[in-house]
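2 protein chains.
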Amino acid sequence: MQDPDSPRGRGAAGVPSADAVVAARGGLSRQRIIDAAVQYIDEHGLRMLTMQRLGAYLGVEGMALYRYVPGREALLDGVVEAVVDELFGDPDVHLEAHAGWVDYLQRLAHGLRRIALAHPEVFPLVATRPPAAPWVRPPLRSLRWIESMLRVMTEAGFSDENAAAVYRAFSSFLLGYLLLEVSGRGVETGPVEEPEVAPVEDLDDYPILERLEPHLSVDVAAQDFEEALEALLDRVALLLPRRRRPARLTEGK
Amino acid sequence: MQDPDSPRGRGAAGVPSADAVVAARGGLSRQRIIDAAVQYIDEHGLRMLTMQRLGAYLGVEGMALYRYVPGREALLDGVVEAVVDELFGDPDVHLEAHAGWVDYLQRLAHGLRRIALAHPEVFPLVATRPPAAPWVRPPLRSLRWIESMLRVMTEAGFSDENAAAVYRAFSSFLLGYLLLEVSGRGVETGPVEEPEVAPVEDLDDYPILERLEPHLSVDVAAQDFEEALEALLDRVALLLPRRRRPARLTEGK
DNA sequence: CGCGAGTTGTTTATGACGTAAACGGCAGGG
DNA sequence: CCCTGCCGTTTACGTCATAAACAACTCGCG
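Protein sequences appear in the order of chains A and B. Take this note's numbering: the last position of the first sequence gets the number 253, and nothing is skipped along the way. Take this note's numbering: the last position of the second sequence gets the number 253, and nothing is skipped along the way.
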């Protein structure tokens with residue numbers, strides 16, 4: 001409270017506390033704060049992110065963040081946006097140079113899945129947060145995505161109506177599937193690291209579940225994802241005039 | 001703080017404050033608290049649920065809840081469980097008396113969708129919360145569901161492996177789709193009722209999006225759901241030995 | 001060089017929240 | 001009638017988001 005040693009003003013904490021993993025080289029900025037938030041959430045989970053902790057993480061007092069970000073909610077919006085926009089920087093995706101709409105959708109799907117798995121703690125925010133354009137259903141966060149995808153589809157010969165239907169089906173599948181896949185991982189674990197190691201609940205009441213356990217606990221998420229994606233693409237292809245349909249889908253990547 | 005009028009002990013607040021919508025007839029109980037929580041979330045949204053407010057809602061001080069519920073997290077677990085278990089009380093579902101696995105899955109899907117739409121604010125919890133059996137992927141909350149579904153599928157002639165695959169695909173689709181559909185609705189709105197009425201962001205940068213807006217903003221969720229469900233069921237049917245396959249899927253309900 | 005304004009981060013303060021612990025009245029068995 | 005246990009209330013504490021006041025540094029202008 002009246003600590004005479006406590007230095008004031010910009011120079012701040014002299015030696016940044018050892019907790020400040022991200023040392024405060026240079027000043028703050030909206031982007032630096034958001035990037036740090038993403039990293040912090042990846043490392044410690046969403047529920048551990050508080051303004052003061054994020055401040056400390058940046059070698060700064062929590063209140064300092066408010067000069068660059070209007071509040072916690074806005075910060076989370078920024079986090080979602082940042083993660084979503086990673087897709088466009090991904091060299092493996094490169095949506096612009098695609099070989100047909102099938103290739104495009106596959107790149108999009110795999111790219112987004114990579115992002116979801118890279119930030120499992122952040123991803124639920126993408127679906128939970130109120131969307132930028134609430135009137136678009138389902139509500140993807142990035143208008144750039146939507147625009148890009150609609151353009152590819154219409155240029156590939158889909159009617160406006162069908163392009164929109166494809167958008168709805170594809171984004172539903174993609175977001176829904178990934179959200180669920182990610183939420184199976186260690187999401188939402190409290191401050192303690194898994195206090196319970198799965199006490200193997202009394203499965204005696206669920207014989208079939210017990211019998212099929214090996215088939216269910218195997219991590220076949222990637223496989224399932226591919227199959228569901230293929231099925232969706234097959235179905236989408238039927239919306240196209242017969243002549244322009246790609247012959248076989250199951251090839252690339 | 002030291003209000004002399006404030007009565008103490010059991011008899012409690014004398015006249016339950018006008019806010020106590022659910023008058024405190026009879027004592028508390030775990031079930032009564034959880035039911036009230038579901039109702040409160042439905043009415044005011046998840047973020048408005050605090051222990052003290054829920055207490056007031058029940059005509060009681062917030063701390064009283066702790067005698068029946070270990071804490072807020074446990075309360076939310078109870079809420080999820082309660083909502084999920086509604087499915088078994090739904091007379092329209094009646095999963096036990098079904099006409100084949102297609103009928104069963106359709107009832108399950110529609111029943112769950114009805115629940116999701118009835119409790120849009122609660123539903124995100126279902127997918128966000130750590131599951132009862134973390135090793136089952138995807139992590140459905142209710143072991144009863146899983147067991148019931150696996151039994152129907154195996155009895156219908158699916159191999160163990162295929163039954164598990166169907167479970168994964170079906171629950172992925174169902175939870176993912178509904179989660180997304182529900183999150184489009186007024187979920188996560190702050191204390192204020194939609195302060196922004198969609199300022200119609202400058203769509204000038206997104207011409208195709210603008211052109212297709214009518215196709216996207218139409219609320220075709222129900223229609224899309226049916227189509228995606230049909231497609232999934234068609235695909236599932238292919239896993240069955242030819243002879244036992246239902247002839248046509250697209251029929252009743 | 002010097003000074004006033006803007007910038008940046010710190011302090012302090014407030015009210016809400018989750019929750020531990022202590023409290024007090026009522027009930028029912030001895 | 002008193003003791004014991006149940007049940008809801010009070011009090012208390014630590015943490016959170018955030019507003020407001022504050023101090024030190026930077027820089028442009030004379």
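Among the clues, some could well be false.
As the list claims (entries may be wrong) - If the Cβ cut is set under 8 Å, some of the chain A residues that face chain B in the computed set are:
id, residue
1, 169
2, 175
3, 238
To be verified - Some but not every residue of chain A turned toward chain B, in silico, with C-beta under 7 Å:
id, residue
4, 28
5, 69
6, 125
7, 146
8, 150
9, 156
10, 157
11, 172
12, 204
13, 215
14, 222
15, 224
16, 240
What the hints assert, rightly or not - Covered stretches of chain A, going by a simulated chain B footprint (3 or more residues, C-beta under 8 Å):
id, segment
17, 90 to 96
18, 159 to 167
For the record, the hints were derived by calculation from the structure and aren't laboratory data. From a predicted model like this one, the values you see are computed outputs, not experimental measurements. Built from N, CA and C at the ideal position, the CB exists for glycine as well.
We went through each hint and held it up to the structure:
1. At a threshold of 8 Å, the smallest CB-CB gap from residue 169 (chain A) to chain B is about 6 Å, leaving the interface hint in force.
2. A hinted interface residue such as residue 175 (chain A) counts as satisfied when its beta carbon comes closer than 8 Å to some beta carbon of chain B; here the least separation is about 5 Å, so the hint holds.
3. A hinted interface residue such as residue 238 (chain A) counts as satisfied when its beta carbon comes closer than 8 Å to some beta carbon of chain B; here the least separation is about 10 Å, so the hint is violated.
4. Using the Cβ-Cβ criterion of 7 Å, the hint placing residue 28 (chain A) at the interface with chain B is not satisfied: the shortest such distance is roughly 26 Å.
5. With its C-beta approaching chain B no nearer than about 17 Å, residue 69 (chain A) sits outside the 7 Å limit, and its interface hint is violated.
6. Of the supplied interface hints, the one on residue 125 (chain A) is violated, with its beta-carbon coming no nearer than about 10 Å to a beta-carbon of chain B, more than 7 Å.
7. The interface hint given for residue 146 (chain A) holds, since its Cβ lies 5 Å from the closest Cβ of chain B, which is under the 7 Å cut-off.
8. The beta carbon of residue 150 (chain A) comes within 4 Å of a beta carbon in chain B, closer than 7 Å, and the hint placing it at the interface holds.
9. Interface hint at residue 156 (chain A): violated, since its Cβ lies 13 Å from the closest Cβ of chain B, which is beyond the 7 Å cut-off.
10. With a cut of 7 Å, the hint placing residue 157 (chain A) at the interface with chain B is violated, because the nearest CB-to-CB distance is about 14 Å.
11. Proximity of residue 172 (chain A) to chain B holds as hinted, the smallest CB-CB distance being about 6 Å (cut-off 7 Å).
12. Annotation: residue 204 (chain A) was flagged as interfacial toward chain B, and the flag is violated, the nearest CB pair being 11 Å apart, outside 7 Å.
13. Annotation: interface hint on residue 215 (chain A) holds; nearest CB of chain B at approximately 3 Å, less than 7 Å.
14. Checking residue 222 (chain A) against chain B by beta carbon gives a least distance of about 11 Å; that is not within 7 Å, so the hint is violated.
15. Here the hint on residue 224 (chain A) is kept, as its CB sits about 6 Å from the closest CB of chain B, short of 7 Å.
16. At its closest, the beta carbon of residue 240 (chain A) sits 16 Å from a beta carbon of chain B; the interface hint therefore is violated under the 7 Å criterion.
17. For the segment 90 to 96 of chain A, the proposed coverage by chain B is not satisfied: 0 residues have a C-beta within less than 8 Å of a C-beta in that chain, short of the threshold of three.
18. Only residues whose beta carbon comes within less than 8 Å of a beta carbon in chain B count, and the segment 159 to 167 of chain A has 6; three or more means the coverage holds.
Violation of the numbered hints given earlier is confined to hints 3, 4, 5, 6, 9, 10, 12, 14, 16 and 17; the remaining hints are satisfied by the structure.
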